[in-house]
Every structure is written in C-alpha cells, then in structure tokens.
Amino acid sequence: MHFLPFKLRIVPRTLQFKQPAGTSRGIYYDRKVWYIVLTSTDPQIRFTGLGECAPLHDLSCDYDDNYEQRLREVCAEVERTQNLDSNKWRHLPSMLFGLQTAFRSAAGSLAGNYLKLYPSDFTQGKRGIPINGLVWMGSYEQMCQRMEEKLDKGFRCVKLKIGAIDFESELALIRQLRSRYSKEVVELRVDANGGFTPTDAPKRLEALAQYDIHSIEQPIRQGQWDEMAKLCANTPLPVALDEELIGVNDFEQKNALLDTIKPQYIVLKPSLHGAFTGAGEWMSLARDRGIGYWTTSALESNVGLNAIAQWCAAIDEHTTMPQGLGTGQLFVENFDNAPLHIEGDCMWYGSHQQRAFMNEIEQYKDIWREPVPTVTVHTSGSTGQPKEMQVEKVRMWDSALTTLQALGLQEGNTALLCMPLRYIAGQMMVVRAMAGGLQLIPVAPTSHPYAHLHEAPDFAALTPMQVYETLKVPHERSLLRRTLCLIIGGGAISPDMAKALHNFPHPIYSTYGMTETLSHIALRRINGPTADDAYTPLEGVEVSLSDEGTLCIYAPKVNAERLVTNDVAELLPGGRFRILGRRDNVVCSGGIKLQIEDIERRLMSLGVNYQITAVADERLGEAITLLYEAETDMADILDTQCRTLLGKYEVPRHYIRVEKLPRTETGKPARSEARRMA
Numbered sequence: 154m155h156f157l158p159f160k161l162r163i164v165p166r167t168l169q170f171k172q173p174a175g176t177s178r179g180i181y182y183d184r185k186v187w188y189i190v191l192t193s194t195d196p197q198i199r200f201t202g203l204g205e206c207a208p209l210h211d212l213s214c215d216y217d218d219n220y221e222q223r224l225r226e227v228c229a230e231v232e233r234t235q236n237l238d239s240n241k242w243r244h245l246p247s248m249l250f251g252l253q254t255a256f257r258s259a260a261g262s263l264a265g266n267y268l269k270l271y272p273s274d275f276t277q278g279k280r281g282i283p284i285n286g287l288v289w290m291g292s293y294e295q296m297c298q299r300m301e302e303k304l305d306k307g308f309r310c311v312k313l314k315i316g317a318i319d320f321e322s323e324l325a326l327i328r329q330l331r332s333r334y335s336k337e338v339v340e341l342r343v344d345a346n347g348g349f350t351p352t353d354a355p356k357r358l359e360a361l362a363q364y365d366i367h368s369i370e371q372p373i374r375q376g377q378w379d380e381m382a383k384l385c386a387n388t389p390l391p392v393a394l395d396e397e398l399i400g401v402n403d404f405e406q407k408n409a410l411l412d413t414i415k416p417q418y419i420v421l422k423p424s425l426h427g428a429f430t431g432a433g434e435w436m437s438l439a440r441d442r443g444i445g446y447w448t449t450s451a452l453e454s455n456v457g458l459n460a461i462a463q464w465c466a467a468i469d470e471h472t473t474m475p476q477g478l479g480t481g482q483l484f485v486e487n488f489d490n491a492p493l494h495i496e497g498d499c500m501w502y503g504s505h506q507q508r509a510f511m512n513e514i515e516q517y518k519d520i521w522r523e524p525v526p527t528v529t530v531h532t533s534g535s536t537g538q539p540k541e542m543q544v545e546k547v548r549m550w551d552s553a554l555t556t557l558q559a560l561g562l563q564e565g566n567t568a569l570l571c572m573p574l575r576y577i578a579g580q581m582m583v584v585r586a587m588a589g590g591l592q593l594i595p596v597a598p599t600s601h602p603y604a605h606l607h608e609a610p611d612f613a614a615l616t617p618m619q620v621y622e623t624l625k626v627p628h629e630r631s632l633l634r635r636t637l638c639l640i641i642g643g644g645a646i647s648p649d650m651a652k653a654l655h656n657f658p659h660p661i662y663s664t665y666g667m668t669e670t671l672s673h674i675a676l677r678r679i680n681g682p683t684a685d686d687a688y689t690p691l692e693g694v695e696v697s698l699s700d701e702g703t704l705c706i707y708a709p710k711v712n713a714e715r716l717v718t719n720d721v722a723e724l725l726p727g728g729r730f731r732i733l734g735r736r737d738n739v740v741c742s743g744g745i746k747l748q749i750e751d752i753e754r755r756l757m758s759l760g761v762n763y764q765i766t767a768v769a770d771e772r773l774g775e776a777i778t779l780l781y782e783a784e785t786d787m788a789d790i791l792d793t794q795c796r797t798l799l800g801k802y803e804v805p806r807h808y809i810r811v812e813k814l815p816r817t818e819t820g821k822p823a824r825s826e827a828r829r830m831a
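Heads up: the sequence shown begins at 154 in our numbering, then just goes up one per residue.
These are computed hints drawn from the structure, not numbers from a lab.
A quick note: this is a predicted structure, and the numbers were derived from the prediction, not measured.
Ideal Cβ positions, reconstructed from N, Cα and C, are used throughout, including at glycine.
Mixed in with the good hints there might be a few duds.
What the hints assert, rightly or not - Straight line, CA to CA, 30 angstroms or less: simulated BS3-like cross-link-like pairs of lysine-lysine:
hint, residue 1, residue 2
1, LYS356, LYS241
2, LYS415, LYS546
3, LYS279, LYS241
What the hints assert, rightly or not - Just the calculated beta-carbon pair ranges, DEER-fashion:
hint, residue 1, residue 2, range
4, GLN563, VAL761, 54 to 62 angstroms
5, TRP378, ARG225, 29 to 37 angstroms
6, GLU692, GLU541, 28 to 36 angstroms
Using the sequences plus the hints, can you model the full thing?
Put into structure tokens, the structure is as follows:
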C-alpha cells in the first residue's frame with residue numbers, strides 16, 4: 154500500500170472498563186492500546202490518519218512483553234520504505250490492523266473526513282448495523298441484571314459469556330431467560346471462550362440445545378483441531394470458531410483448518426485474525442464452503458471499533474445477522490470523536506439529527522434531478538412570516554457557476570454544508586457542489602458546525618452567529634482559521650468579529666443577497682490587506698438606487714426582473730455599495746428617524762446579546778427598546794453604557810430582559826417577533 158509522503162507516531166493509552174469484564178481466561182479491569190498517527194511530510198498536502206493496535210495480552214499471537222518496541226520497529230520500517238506491505242506483516246495481526254486503519258483513515262482525511270474509512274450506505278446514514286448485546290460473566294445475580302438491562306434497551310440478540318461460574322448456574326440463568334423470552338423475541342448466543350473440556354463439551358452442548366441457542370463460540374480450547382472437528386460433526390448446537398483462528402495467518406493453513414474442522418460459523422475479528430486483509434481471506438474461504446460468519450470487535454477503543462464497523466458494513470451491506478460491535482460502551486473514557494451511535498439494537502454512523510440531514514440532502518438531489526424546472530425555497534422570515542417561493546433550477550445553476558468562478562473553487566474541493574435546506578443558502582451549497590464537483594461535508598445545522606470536524610473544509614458558508622460561536626472554542630477556531638475560503642451571510646458582521654477575523658490567512662467575505670437573488674450577488678472582503686467596507690457586485694450584476702434611497706438590483710442570470718430592495722444603501726464609484734440599514738427597520742421617535750442597524754452596530758461593546766426594537770409611545774410615537782439576554786437585571790448598567798455610546802435621542806427608553814432573543818432558523822434577528830416580545 155503506497156501513499157503520499159508520510160511519517161508515523163505511536164501514542165500509548167490505557168483504557169479502564171466501566172465494570173469488570175469477565176471471561177473464562179480471567180477478568181479485565183483495564184487494557185492497553187497503541188494509537189498510530191500517520192501525517193503528511195509534504196507541507197503542501199495536509200492529511201491525518203489514525204489507527205489502533207489493540208492486542209489482548211493473553212490472546213493475541215503477536216503480543217509479548219516487548220510489544221511496544223517491536224511496534225516501533227515495524228512502524229520505522231514502514232516509514233523508511235514509505236510502503237505498507239500487508240503480506241509482509243501478516244504474522245503481526247494487531248500491528249497490521251493498526252497500520253491498515255491508519256492508512257485508510259489518511260485516505261479519508263484527504264477526502265475530508267479521517268474517520269470515514271469505508272464509504273457505504275452505513276457511512277451515509279442510510280442504514281444501521283444490527284448488533285448483539287453482550288452480557289459479561291459474573292455472579293448469577295449480576296448476569297441476570299445485565300441481561301435485563303440489555304433487553305430493556307431493545308436488543309433482540311444477546312450474547313452471554315459463560316464459563317466463569319459453575320455450568321449449572323449458567324444453565325439456570327439461560328433456562329430462566331428462555332421461560333420469559335421465546336427465541337422469536339430474543340436470539341441467544343453463548344461464548345465459552347474455550348472453557349469446556351473435550352470430554353464435557355458434548356454433554357454441555359446437549360444441555361444448551363434445549364433452550365434454542367443460536368450458536369456457541371469456541372466451546373473448547375483452540376489448537377485441538379481433531380477434537381473440535383468431532384464436536385462440529387455431531388453437535389446439536391451450531392459451533393462458531395473464534396480463538397481457533399488466532400495465529401493461523403498462512404493462507405494454506407486457513408484452508409486446512411476449515412477443511413478439517415468444518416464449523417457451522419466463524420467469527421471475524423480483524424485485530425486478531427490478520428487485520429482487514431486476513432479477515433477478508435477468512436470470509437472468502439468461509440463463503441466458498443457455505444460456512445456462516447459475522448464480525449466482532451475485540452475490546453478495541455472507538456478508533457478500532459469505528460474501522461471494524463465500517464469494514465463490516467462495506468463488505469456485507471445487506472446482512473441482517475446481528476454483529477458483535479457493541480464494545481465501545483465498555484470503557485470509562487473512550488475516543489469521543491467517533492461518529493458511532495447505538496439506538497436500540499442497531500449501530501448507526503452519525504446522530505439521528507445528522508442522519509436525517511444527510512437523508513434530506515439526498516432527497517433534495519433527487520428533486521433536483523426530476524424533469525421539473527423549479528424547486529421550492531422559503532424566505533427566512535427576518536421581517537415577517539416566512540414565504541414559499543418557486544425558483545428556476547437553471548438560474549440557481551448559473552448563480553452557482555458565478556460563485557465558483559468568483560471564489561476560485563476547484564473540482565474536488567471540500568465544502569461544508571451546515572445550513573437548513575428549506576432556505577436558499579443551504580440549497581445553493583448543494584447546487585454549487587453539483588455544478589463544481591465539490592465534495593460536500595454535511596453537518597446538521599447548529600451554532601457550532603466545526604465541533605465534530607477533524608479537517609478544515611476548503612470552502613464554508615456560515616452565518617455571523619455560527620462564526621461568533623465557533624471563534625469561542627479553540628479547536629473550532631483553529632479549523633475555521635484553516636478554511637481556505639469562507640463566506641459569511643445572513644446578518645451583519647460586527648466590528649469585533651471583523652477584527653477577530655482580520656488576520657486569518659485565507660479569504661473571508663461578507664455576502665450580500667436574498668432569496669430572490671438566489672443567495673449572494675455581491676462580496677465584501679473583510680480580512681487581509683484588501684479588506685473593504687463596501688460590497689463589489691459579482692459579474693453580470695448591476696446596482697442602482699430607488700427614489701427612496703434603497704438598493705435596486707439587476708441580475709438577469711438569477712432574476713429576470715429588476716429587484717427593488719428595502720435596504721437603504723450608498724453607491725460608490727465602480728459599482729460598489731454600502732448597506733446602511735433596512736427602510737422597514739427605521740424607527741420614528743419624536744419626529745427623528747433612527748436606523749435600528751446603526752444603533753446596534755454602535756452597541757457592539759455592551760458585553761451581552763441584545764437586539765434593538767421599538768414599542769408604541771404616546772408622546773414619541775415609537776420608543777427605542779433594547780432586548781437583552783442575562784441571568785440578572787442589568788437595566789441600569791446597560792443604560793449607563795448606552796448613554797456613553799449613543800446620541801441623546803438614540804438611547805433606549807426601555808430595557809427588557811428576555812430568556813432568548815428571537816431569531817430565525819438561519820440565525821437572523823426576527824424583527825417582527827422582537828416587536829411582539831417588547
């Protein structure tokens with residue numbers, strides 16, 4: 154496996170179990186793993202790969218007391234040759250698993266997400282992977298309690314670890330479970346971890362078979378091929394090989410094992426059974442012989458679990474058999490960035506909200522492909538009730554091409570989509586991606602769109618509120634800073650925000666536009682040496698002023714009509730313009746016209762979230778009113794500040810504390826709702 158120039162780093166970590174994990178081999182309280190971090194050595198190309206080596210000290214064939222030193226030697230050789238030869242390292246399954254995962258992760262990083270290793274319907278959020286619940290060995294009472302917990306969570310398949318307490322007690326537990334839950338309600342599997350002797354095994358399998366057990370994993374200790382073959386040939390209960398596969402890394406030896414033992418099932422554990430290439434060989438050989446199989450994790454952290462789950466979904470997209478992938482919930486602290494979620498008895502990639510958003514994107518693309526000339530969008534409702542509009546697809550396409558050209562976006566660039574698809578901003582990001590061959594990075598609309606990202610997108614479109622929240626979190630701010638092109642729309646950019654962004658190294662623009670113009674028709678650079686306080690229209694766009702001093706737009710590519718806006722503007726040489734405020738946001742107080750946006754701009758240093766509105770006043774006609782968010786009354790403090798920052802007639806007459814300021818779904822101030830609240 155060749156890759157771009159890279160280097161490797163090893164990060165050891167110890168994981169603590171939430172509760173003792175008992176097997177027939179003993180009890181685990183903690184376990185050590187080694188993360189492999191693969192990064193670029195080319196300053197022009199950024200990527201990060203993350204893998205995990207998670208050997209079990211009493212089980213893995215490649216573990217010994219010098220494991221970490223040997224791992225460092227292997228990584229040094231891979232780094233020296235700049236090549237991962239999976240066949241060369243097949244005798245070191247856990248190390249090979251970590252390296253293969255790191256390389257897959259790095260490839261995902263180049264595509265925009267280092268945690269997306271095997272694209273499939275699973276990683277697109279279209280389907281989940283059915284999984285079994287796992288009940289560890291313990292006392293009879295403990296196992297009963299754990300079993301009830303799994304059933305309460307909705308698991309329809311439960312695997313019991315047996316062999317730690319006496320067999321009769323374990324059999325009594327299974328008898329009790331079957332008396333309460335039929336095989337149609339709950340599928341039971343058992344795992345002996347090699348805990349039976351060849352002499353006891355036949356009788357114990359006979360006893361277990363009375364209770365409609367799906368299968369038993371590794372009934373006797375591995376390495377006894379002839380004894381295991383006899384057991385599989387005469388068993389009343391399907392046998393699944395697990396530990397038996399460990400250490401069998403040669404392809405011909407794998408053939409010999411399956412042909413000798415002839416099991417009903419095998420259990421695929423990539424980190425124990427030869428990494429993804431080795432597990433893939435086992436799967437192929439099993440298919441050729443009509444042997445069933447399922448995939449199971451082996452107490453890896455969420456790094457390894459994420460890789461195994463995606464591999465499992467990609468190689469067998471239509472399986473309905475429960476897989477053994479629920480171990481990510483076992484540890485006190487885990488790798489929290491993994492996108493895995495368990496709902497009922499299924500593992501999903503992404504939260505319910507994220508999957509719904511991804512599905513909405515696919516539905517929108519389907520609508521776009523329909524032979525219908527228009528699509529539906531909604532206005533944001535910043536000045537009143539949201540309205541539904543029909544817009545022409547061809548004009549949206551032209552708008553997208555204009556933006557792609559203006560911003561210099563190229564095919565293959567990644568684009569962050571974190572806007573609702575009801576509105577033009579979200580829809581236009583999808584259209585730009587289709588028109589320009591951009592790779593969408595979908596994030597369900599949130600005030601922190603960078604929170605779960607691991608790579609900075611090449612292109613992003615955010616609201617001022619999203620930028621404001623992102624700047625407050627160091628990790629998110631760092632990713633925002635590395636975004637190659639950022640456009641900010643849907644509201645005014647405060648002087649403090651412009652100052653915070655001024656030294657960012659890549660272009661950042663404030664956009665001007667509306668639903669009727671199919672997103673923006675003008676850009677204003679807000680950082681770097683070419684920062685400006687005025688907007689420059691895009692190619693093919695002309696602007697003028699109405700008799701009332703509001704901006705008029707003629708952009709024939711996106712709208713056949715000349716648009717007269719409510720935005721009071723100032724025209725500058727070269728077609729540039731400044732927006733002074735909205736005509737319908739003018740308050741007439743005591744005969745003096747006051748622009749709401751102008752007052753808000755000059756109050757940016759108040760230190761609280763606020764909005765300016767107005768209420769009816771018998772003497773003044775309308776009185777300026779300030780709504781603010783705070784836990785305690787701050788009216789006197791705010792009044793003192795306002796008298797310093799504003800002119801005599803602009804100072805608010807009323808200060809109203811609210812739990813939450815009214816905003817539209819796209820983050821704009823909801824002016825009509827603010828008046829109602831006041």
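Consistency of the hints with the structure:
Taken as a hint, the LYS356 and LYS241 pair is broken in the structure, with Cα atoms around 43 angstroms apart against an allowance of 30 angstroms. Simply put, LYS415 and LYS546 have alpha-carbon atoms about 60 angstroms apart, too far for the 30 angstroms limit, and the pair is violated. Restraint check for LYS279 and LYS241: not satisfied, since their Cα atoms lie roughly 37 angstroms apart, outside the 30 angstroms limit. For GLN563 and VAL761, the hinted distance range of 54 to 62 angstroms is not satisfied, since their beta carbons lie about 42 angstroms from each other.
One distance hint, 29 to 37 angstroms for the beta-carbon pair TRP378 and ARG225, holds here, with the actual separation near 35 angstroms. Look at GLU692 against GLU541: about 30 angstroms separates their beta carbons, and that is inside 28 to 36 angstroms.
Hints 1, 2, 3 and 4, counting from the list given before, are not met by this structure.
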